[in-house]
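Peer 1: From first to last, the protein sequence lines are chains D and L. For the first sequence, our numbering begins at 43 and goes up steadily by one. For the second sequence, our numbering begins at 38 and goes up steadily by one.
Because the hints were derived from the structure by calculation, they are not lab data. Bear in mind the structure is a predicted one, so any value in this text is a computation, not a measurement. It is possible that part of the hints are untrue.
Claimed, not checked - Computed list of lysine to aspartate or glutamate pairs in DMTMM-like fashion (alpha-carbon distance at most 25 Å, straight line):
hint, chain 1, residue 1, chain 2, residue 2
1, L, Lys70, D, Glu381
2, L, Lys148, D, Asp393
3, L, Lys70, D, Asp393
4, D, Lys436, L, Glu57
5, L, Lys70, D, Glu440
6, L, Lys80, D, Asp411
7, L, Lys92, D, Asp70
8, D, Lys436, L, Glu67
9, L, Lys70, L, Asp124
10, L, Lys167, L, Glu98
11, L, Lys44, L, Glu57
12, L, Lys61, D, Glu440
13, D, Lys436, D, Asp361
14, L, Lys167, L, Asp79
15, L, Lys70, D, Asp361
16, D, Lys225, D, Asp189
17, L, Lys80, D, Glu381
18, L, Lys92, D, Glu381
19, D, Lys436, L, Asp60
20, D, Lys280, D, Glu204
21, L, Lys164, L, Glu98
22, L, Lys44, L, Glu102
23, D, Lys436, L, Asp111
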Amino acid sequence: MSYDVQAIRKQFPILHQQIHGRPLVYLDNAATAQKPLAVIEAITHLYTKDNANVHRGVHTLSQRSTDAMEAVRSAVCAHINAREVAEIIFTRGITDSINTVAFGMGALLQPQQNVVITALEHHSNIVPWQMLCERTGAALRYIPMNDKGELDLSTLEVLVDENTAMVAFNHISNALGTINPVKTILSRAKAVGAWTLVDGAQSGPHALVDVQDWDVDFFTLSSHKMYGPTGLGVLYGKREHLEVLPPYQGGGEMIATVTMEKSTYADIPHKFEAGTPHVEGIIGFGAALEYINSVGIEAIATHEAALLDYATTTLSTIDGFRIIGTAEKKASVISFLVEGTHPYDLGVLLDQQGVAVRTGQHCTQPIMDQFCIAGTARASFAMYNTIEEIDLFKVALERAVTMLR
Amino acid sequence: MSTIAEKQAVLIEEFEFFDEWMDKYNHIIEMGKAMPVLDAVDKNDDLLVQGCQSKVWLKAEKKGEYVRFFADADAIIAKGIVAMLIDVFDNQPSTEVAAADLSFLEEIGLKDHLSPTRANGLMSMIKQMKFYALAFSSAN
Numbered sequence: 043m044s045y046d047v048q049a050i051r052k053q054f055p056i057l058h059q060q061i062h063g064r065p066l067v068y069l070d071n072a073a074t075a076q077k078p079l080a081v082i083e084a085i086t087h088l089y090t091k092d093n094a095n096v097h098r099g100v101h102t103l104s105q106r107s108t109d110a111m112e113a114v115r116s117a118v119c120a121h122i123n124a125r126e127v128a129e130i131i132f133t134r135g136i137t138d139s140i141n142t143v144a145f146g147m148g149a150l151l152q153p154q155q156n157v158v159i160t161a162l163e164h165h166s167n168i169v170p171w172q173m174l175c176e177r178t179g180a181a182l183r184y185i186p187m188n189d190k191g192e193l194d195l196s197t198l199e200v201l202v203d204e205n206t207a208m209v210a211f212n213h214i215s216n217a218l219g220t221i222n223p224v225k226t227i228l229s230r231a232k233a234v235g236a237w238t239l240v241d242g243a244q245s246g247p248h249a250l251v252d253v254q255d256w257d258v259d260f261f262t263l264s265s266h267k268m269y270g271p272t273g274l275g276v277l278y279g280k281r282e283h284l285e286v287l288p289p290y291q292g293g294g295e296m297i298a299t300v301t302m303e304k305s306t307y308a309d310i311p312h313k314f315e316a317g318t319p320h321v322e323g324i325i326g327f328g329a330a331l332e333y334i335n336s337v338g339i340e341a342i343a344t345h346e347a348a349l350l351d352y353a354t355t356t357l358s359t360i361d362g363f364r365i366i367g368t369a370e371k372k373a374s375v376i377s378f379l380v381e382g383t384h385p386y387d388l389g390v391l392l393d394q395q396g397v398a399v400r401t402g403q404h405c406t407q408p409i410m411d412q413f414c415i416a417g418t419a420r421a422s423f424a425m426y427n428t429i430e431e432i433d434l435f436k437v438a439l440e441r442a443v444t445m446l447r
Numbered sequence: 038m039s040t041i042a043e044k045q046a047v048l049i050e051e052f053e054f055f056d057e058w059m060d061k062y063n064h065i066i067e068m069g070k071a072m073p074v075l076d077a078v079d080k081n082d083d084l085l086v087q088g089c090q091s092k093v094w095l096k097a098e099k100k101g102e103y104v105r106f107f108a109d110a111d112a113i114i115a116k117g118i119v120a121m122l123i124d125v126f127d128n129q130p131s132t133e134v135a136a137a138d139l140s141f142l143e144e145i146g147l148k149d150h151l152s153p154t155r156a157n158g159l160m161s162m163i164k165q166m167k168f169y170a171l172a173f174s175s176a177n
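Based on the sequences and whatever the hints tell you, model everything.
Peer 2: Okay, structure coming up:
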């Protein structure tokens, strides 16, 4: 069956509105994706039928909430092909997921060891490792990138050595769209016995990931970038690592026994889930996953690749249009500048014409520094975007550029 | 010479001409383009206005009881906005700049229109100008 983008659009109520008198063209999907009815209805259902605190009550509503939440854990486990559901931890988001690992490693890391990240990372995959290295005296290393925004893998053997404790990097760059050669990096890390963490913030909505096929130690997902609610992330970790990693937050839910002198921790995954979890977020995320799978992630990726191709070709005809990040393998992100204009001005004038793009540094200051630019404007596409929207975007961009020059 | 109130009245009148924000922005952009640029040497971190998303440099000079303002910005809309402020405040008595009520920003709808971050940037520009004016007037 062919991809029916109009049927998909019908499932996203927010898309059907006017902004400043123009139809909304939402192209800020790499920041957050919009939510389908299935997600909105799942949350409404929870609060109208099933809501109760999870894991503690014997009453029916608590059972229902707990079952619904745990069913999502199983669904996530199946989605990324983890070995067992206990390896799926719900967090506040990817930032929280990475901090959980980086904090826990503070107890394990030796000063002579090092952590390797890349020049392409989001701040959330830089700062927790900087903090870890400051605490432990370990060194932080960066795999550099070239002018196209691709990692320079010739440095891999030197940077990832027998003292490397962790190699952490994103699957897809949020700022440039570069798809990184995950397996190559993982295999080097494995050769020296380092742990690995892949940040799947941008891959979650666009690509299927099999954590066993990758043999990655930690993997993270963000619900709100996958058409689910905000405030929820996933941390996948191999059982043997999660068991040795100390928890970084204490509280309810994460304990086995508590006395005033000493507490013992619950088994995974609960050890890392202190406090009442984001039940509505988890249940909404479950609905989002189901929705993504009903459309088919490969079909979505194919649709988005066509949008990216079309947008890249048509926008490049604009005088002075320059794409930042021109990697061979790219996801549906176009970070751009137009000669003689400032990205902030473009963002404002596009918004006035109904087009939502992101402007700024995209939480990737080091990337902007390498390109010697203050920031970019960024258009990013999702399953519900259309060729017609790209045409509207182009017309709006041309008008903005004419005004600004 | 026009007073601060008269300068504001002229701006309000100019903006009344436009119904659409695209046209208002066009006018702001034209004001930005028309403003003389700062010398490169003045575009230093000391003259940067804190709290703006884009880079805005503001320079003030005391001229007796009056204050002169010069500015530049890397983004043209920010430059247009600071050009409007300069249009109102430049060459006015420091005491009056320090005490002025900038009602034109509400009248032309700019204050309501800007996102909170951009509105903060605008307030930072005004605060910085008034700060210079206050310092100059107390030095008189």
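Peer 1: Hint by hint, which ones does the structure fall short of?
Peer 2: none
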